[in-house]
Each structure stands twice: as structure tokens, then as C-alpha cells.
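K.L.:
So the chains spell out like this:
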Amino acid sequence: MSEVLKIENLSYVYPKSAKKALDSLNFSIEKGEIIGIIGPNGSGKTTLIKAISGLVEYEGSIKLYGEEIKSIPRIELAKKIGVMAQEFSPIYDAKAIDIVEMGRTPYTNLFGDLSDRDRKYVDFAFKALNIMHLRERMFYSLSGGERQIVYAAKVFAQSPEIFLLDEATVHLDIGNAQHLLLKMKERASEGSTVIATFHDINQASAFADRIIVMKSGKIYSMGDPEEVITRKMIKEVYNATCEIVKGPSNVVNVFMTLDTMLVNQ
Amino acid sequence: MVKFSKSRVFFLTLPLILIFVLANIAIGPVYVPLIEVFKSLIGMKVPYTDRIIILQLRLPRVLLGLGVGAALSVTGNAFQAMLKNPLADPYILGVSSGAAFGAILANVIAQLYYPYFVFYMWIFAFVFGLLATAITYFVSRRHGKLPPTELILSGVIVNLMFGAGVTFLIVYGWRDVQITSFWLLGSLSGAGWHDVLLVGISSTAAVIFFMAISKYLNAMVAGEEEAIYLGVNVEMMKLLIFVIGTLITAIAVSTSGIIGFVGLIIPHISRRLFGSDHRISTPASAVFGGIFLVACDTVARSAFTPAEMPIGTITALIGAPIFIYILRRRVQNV
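Line order of the protein sequences matches chains E and A. Heads up: the first sequence at position 126 corresponds to 126 in the working numbering, and the numbers run straight through without jumps. Heads up: the second sequence at position 258 corresponds to 258 in the working numbering, and the numbers run straight through without jumps.
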């Protein structure tokens, strides 16, 4: 496998703040890998996604295929990296097809006209996510889950090599979350690289090849889900008590306990 | 069933311009028969008084109306996308009142001290329009966003401030308060061919510019971060839209005073009719903005003869209820 991203001594300090949101991170990601990033609120997950997507002025180095992200023109970066956030809320209502076509912005001519090739990518996105029936529906007439899937189709139409998902499943029910994550796995099996942040440790465990655990802007641990997700990690990173059980396909599952006897142990 | 695309339907509305232009030229304190208007415009011989009324009084006025209406509407349409705020327009943001203040300042300096300053009128309007926009923008900005309520409040303050400045300058410069209504409520009555040329060129250039950045405006309606993810150089785009929007507003205001609400309501109507894609909503805003202002001007100068109602009064009477309607609706459903 070839190295897609290489991150060295990555740090970031928010303006007017002394605290480092990201503190000397080092790791690399191979092509086709699925990375799950977990950690408590404020641990730096979203900032890391923003840094990789070139949204914040970081210190250190983030290299995409050996080229520093900062030096890649914005339009070229958009062809390589697609970002999906928690929610997508355009100011005006529009048809789902218009939203998905927006994903072709980096490729269209000055006046935004779609070529046949662009239309093929848009069709592919609708088919890949099984939402052909939503094409002509107005975005704000859709349910929250349907909107998020249409948003995912927009990012699919962008045809990036790397998908960055920032808690993209947080507002989704289990069915929609499963649908989206399975589709992302399909993209990864076809060569795309996926980096996704999660609040739900079990989703991250089921989805990712490798987990990065963040705490206070630093990497606490990194590795296979079964190595990384432990009672000790949950206690030290989240300050929570839990039971850990291996589920189907050897996926590690975390069960939060509210039994005060266990919590105080 | 034949299915018309939105762009085809839009092209079918273009003859409306001709109808409203002809009606505007015909109707007024002195009625000129439509046939005389038509003959005059295609170069045929008509009675001398009709020719003077048509070609020297009403034609420049109607063309100025088309240009000013288009300029204010396309600017409003772009500001709303850029600021992700459906209430943004040159009037609400205070650009128009800042520009009016600048234009009058140049006039007062020309009147009292250096007559050649009158040629710098639109440059002064541009600079003070930019200043007003900057004040509104920075006063209303909260955590990198522009909440609608804060934007309106800041715009009200900036409008009051520069509006007071306009009145002060006029009374100071001319010892006469009558002229204030031209500037604060707008009028196309001073239209000359040089105004038509200036506004015509700037409005056409602005429409082309805003159409050329349609795909970026489309990306910006989902917020700055989403636009960046789609490859848009957002900071550069914001700067260009602010500067060009303020420049064409300044030129429009220096020829016709402050005409409110056009840049707010016309983009909403255009989007309702043709959808939110800026590739259509921009030219649609230009066309309907022009038609709207021409229609308002027809009413303003003919409904209350011999007096002429300031055109801004008519646009406000129509625009204010629509403003309230938009304000009451949830932002994303607008």
C-alpha cells in the first residue's frame, strides 16, 4: 500500500488561546485505509479534520502524496479531499439533484456548466447511495437522515481520493448511520481513503481498520480497534466506566454502565 | 408534455422589459400615445413636444431605472449568498446611505470650495459605501457569523448615522432641506444621458461578473467552510463581491439617491420563480429589478400629479411587508 497522508509534528493553537488544540501529532495513513478518530469533546478531533482539509493555519507538516497541503491550490485540494460535516444547511432550499451537482464545483467551467462526465459522477453518487428516488425532492422536505445521505452524495460526486467525515453520523438513526458507513466502506474497498471522527466508540470500532484516540490535542493511543479500545483507555481518556464485550465479527463493543457500584469501583 | 427548463421560461419573460419600458414612457403627467412612443423609438417622425418628452425626458429616465434596479438587485442577490443571510441587501447593510453621504460630501465640497469635486462624486460614494459596509459587518459579526437580527440592528444604526450626515451636509451646503428627499428617498427625475451611460456600463459589467461567479455563490449558500471544501477561495471572493457590489451601488446611488428594498425583495421573487441557482437567479434579478423600478417610477410620477412621489416611498411600501414576511420565516426555508 502507498502512503497517502503523512503528518509530522502537527500543532495548532486557536487564536487568542494559549492551549494547544493539536499538540505534536505524528502518524501516516495508507491508501484505502479506514481511520476512526475518537476522543472526548474538545480533544481536537474536529481541529484535526480541519487541518487536513486545509482550513486552519497549522504548524508542522501535513503531506498529501508527499506535497505539503498548504502549498496545494484550493481547487486542486478539493479534487483530492472531500469533507462531510455533522450537518449541511444551505440558506436556500434546492432540489437534491442541485445539492449533489454542487459537488462538481471544482471541476466545472467558470459558469458552472456540467459536462457529460460531471453528470456521470452525479448519477453514480445517487445510485451508489440508493437515493435515485430523492433526485427531484426539495432538500428541506427530506427527513434529517435523508438530508445527510444527500449531503454524502454531494461528497461522493466530488469524487475525492480521501473522505474526511467529521461526526457525520451523529444526527443519524442506526439505519441511516449503517447505510452511510457501509457505503463509505465500499468506497474504501475501491481505493478511497476514509478518515472519520466519532463520538460513538462502537461505530468507530465496527467501521475503522485503525483507531486514533485523542486526548487534550495529543494522540493517546493508535492501533487496531481491539488493541486500543480498553477499559483503561475509556477511564483515562473519557473518565468513564464501562464493560467491553466482543460482538459479531470480533468487533469490540463498549457498554456504558450506570451501576453506581461498578462506577465507584 | 413539453417540459420547459427554468432558463427557457426566464427567456420568455424578457419581452416584459419592453412592455414596461413602453408603458413608462407613455404614462405620465402628459400622456403620450403608445404608437407615438413606438414610432419615436424606431426613428420615425413624431410631433416635436412628444419627441422631447420621449427622447430627452422619459427615455433616459426609464433606462436609468432599468440600470439602477438591475444593479441593486444583483448586488442584493450576491450579498445574500455571500453572507448566508436572506436579509442582506445594499440598503439594509447601509451601503446605500454611506454612498449617498459620500456623493453629497463631494457635492458640498464642489458647491462651497472646489467645483471640480463634482466629478469625484461616485468615487466618494464608493469610499463611504465601503466604510458603511465595513461598520455594519464588524458591528454585527458574532463568532464569525452574521446573525440576521444583529445585521438589521447594525444596518439601522449605520443608516441613521449616515442619513443624519446626509441631512446635515445638505442643510450645511445649500441651507435647504428640500433636496434631502431626493437623496434619502431616491428619484430618477435627474436622469441624464451621462447617468444612463455610467449606470448602464457598470450594471452590465456587474451582471456579467456576478453570473461568472455563480458557481461560487452557489457553493457559498451552504456556508464558508463548505465553499472552501469545494475549492472556493472564499476570502478573495468575499472581497471581490463586497468591492464590486459597493462600487455599482455607489454609482447607482450617486445618480438616483437611496432606493430601498429593491435589492432585498427582487432576489427573493427571482428565486421563488426560477430556483436558487445563481446562474439563473442573477440574470433574473437583473431583469426583474429593472422592471420593478421602472414600474414603481411609473406610479411615483403619474399617480399623484402634479406632485411626484419619491420612488423610495413606493419601493418601501411594497418592500417593508415582504421584509417582515422574510424575517418571520425560518431562514433555511426562505
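Hints are not guaranteed to be accurate.
In silico EDC-like links for lysine to aspartate or glutamate, alpha-carbon gap of 20 Å or less [claimed, not checked]:
hint: 1; chain 1: E; residue 1: Lys16; chain 2: E; residue 2: Glu57
hint: 2; chain 1: E; residue 1: Lys79; chain 2: A; residue 2: Glu36
hint: 3; chain 1: E; residue 1: Lys215; chain 2: E; residue 2: Glu190
hint: 4; chain 1: E; residue 1: Lys20; chain 2: E; residue 2: Glu33
hint: 5; chain 1: E; residue 1: Lys185; chain 2: E; residue 2: Asp200
hint: 6; chain 1: E; residue 1: Lys79; chain 2: E; residue 2: Asp200
hint: 7; chain 1: E; residue 1: Lys70; chain 2: E; residue 2: Glu57
hint: 8; chain 1: E; residue 1: Lys80; chain 2: A; residue 2: Glu225
hint: 9; chain 1: E; residue 1: Lys70; chain 2: A; residue 2: Glu235
hint: 10; chain 1: E; residue 1: Lys80; chain 2: A; residue 2: Asp176
hint: 11; chain 1: A; residue 1: Lys238; chain 2: A; residue 2: Glu224
hint: 12; chain 1: E; residue 1: Lys235; chain 2: E; residue 2: Glu190
hint: 13; chain 1: E; residue 1: Lys19; chain 2: E; residue 2: Glu57
hint: 14; chain 1: E; residue 1: Lys79; chain 2: A; residue 2: Glu224
hint: 15; chain 1: E; residue 1: Lys79; chain 2: E; residue 2: Glu30
hint: 16; chain 1: E; residue 1: Lys120; chain 2: E; residue 2: Asp93
hint: 17; chain 1: E; residue 1: Lys80; chain 2: E; residue 2: Asp166
hint: 18; chain 1: E; residue 1: Lys70; chain 2: A; residue 2: Glu224
hint: 19; chain 1: E; residue 1: Lys63; chain 2: E; residue 2: Glu33
hint: 20; chain 1: E; residue 1: Lys127; chain 2: E; residue 2: Asp166
hint: 21; chain 1: E; residue 1: Lys70; chain 2: A; residue 2: Asp176
What the hints contain is simulated information worked out from the structure, not anything from laboratory work. Bear in mind that the values here come from a model prediction, so they are computed numbers and not experimental data.
K.L.:
So, for every hint listed, does it hold in this structure?
P.N.:
Hints and how they fare:
1. For a cut-off of 20 Å, the pair hint linking Lys16(E) to Glu57(E) stands: about 14 Å separates their Cα positions.
2. Distance hint between Lys79(E) and Glu36(A) is unfulfilled; the C-alpha atoms sit about 59 Å from each other, more than 20 Å.
3. Distance hint between Lys215(E) and Glu190(E) is unfulfilled; the C-alpha atoms sit about 32 Å from each other, more than 20 Å.
4. A hinted pair counts as satisfied when its Cα atoms are at most 20 Å apart, and Lys20(E) with Glu33(E) does not qualify at roughly 28 Å.
5. A threshold of 20 Å between alpha carbons decides the hint, and for Lys185(E) with Asp200(E) the separation of about 17 Å falls inside it, so the pair holds.
6. For a cut-off of 20 Å, the pair hint linking Lys79(E) to Asp200(E) is broken: about 29 Å separates their Cα positions.
7. Among the hinted pairs, Lys70(E) with Glu57(E) is consistent with the structure: their alpha-carbon atoms are about 8 Å apart, no more than 20 Å.
8. Distance hint between Lys80(E) and Glu225(A) is fulfilled; the C-alpha atoms sit about 16 Å from each other, no more than 20 Å.
9. In summary, the hint linking Lys70(E) to Glu235(A) is supported, as the alpha carbons are separated by about 16 Å, within the 20 Å threshold.
10. Between Lys80(E) and Asp176(A) the alpha-carbon distance is near 64 Å, which puts this suggested pair outside the 20 Å criterion.
11. For the hint pairing Lys238(A) with Glu224(A), the CA-to-CA distance comes to about 10 Å; that is within 20 Å, so the pair holds.
12. For the proposed pair Lys235(E) and Glu190(E), the alpha carbon gap of about 37 Å is over 20 Å, so the pair is violated.
13. Using a Cα cut-off of 20 Å, the hinted pair Lys19(E) and Glu57(E) holds, with the two alpha carbons roughly 15 Å apart.
14. Note on Lys79(E) and Glu224(A): the hinted pairing holds, with a Cα-Cα distance of about 18 Å set against a maximum of 20 Å.
15. Proposed proximity of Lys79(E) and Glu30(E) is supported: the alpha carbons are some 18 Å apart, at most 20 Å.
16. The suggested pairing of Lys120(E) with Asp93(E) is violated, with an alpha-carbon distance near 24 Å, which exceeds 20 Å.
17. For the given pair, Lys80(E) sits about 17 Å from Asp166(E) by alpha-carbon distance, which is consistent with the 20 Å threshold.
18. The straight-line distance between the Cα atoms of Lys70(E) and Glu224(A) is roughly 18 Å, inside the 20 Å bound, and the hint therefore holds.
19. Proposed proximity of Lys63(E) and Glu33(E) is supported: the alpha carbons are some 16 Å apart, at most 20 Å.
20. Between the alpha carbons of Lys127(E) and Asp166(E) the distance comes to roughly 23 Å, so the proposed pair goes past 20 Å and is violated.
21. Straight-line distance between C-alpha atoms of Lys70(E) and Asp176(A) comes to about 59 Å, which puts the hinted pair past the 20 Å bound.
The structure shown violates the earlier hints numbered 2, 3, 4, 6, 10, 12, 16, 20, 21.
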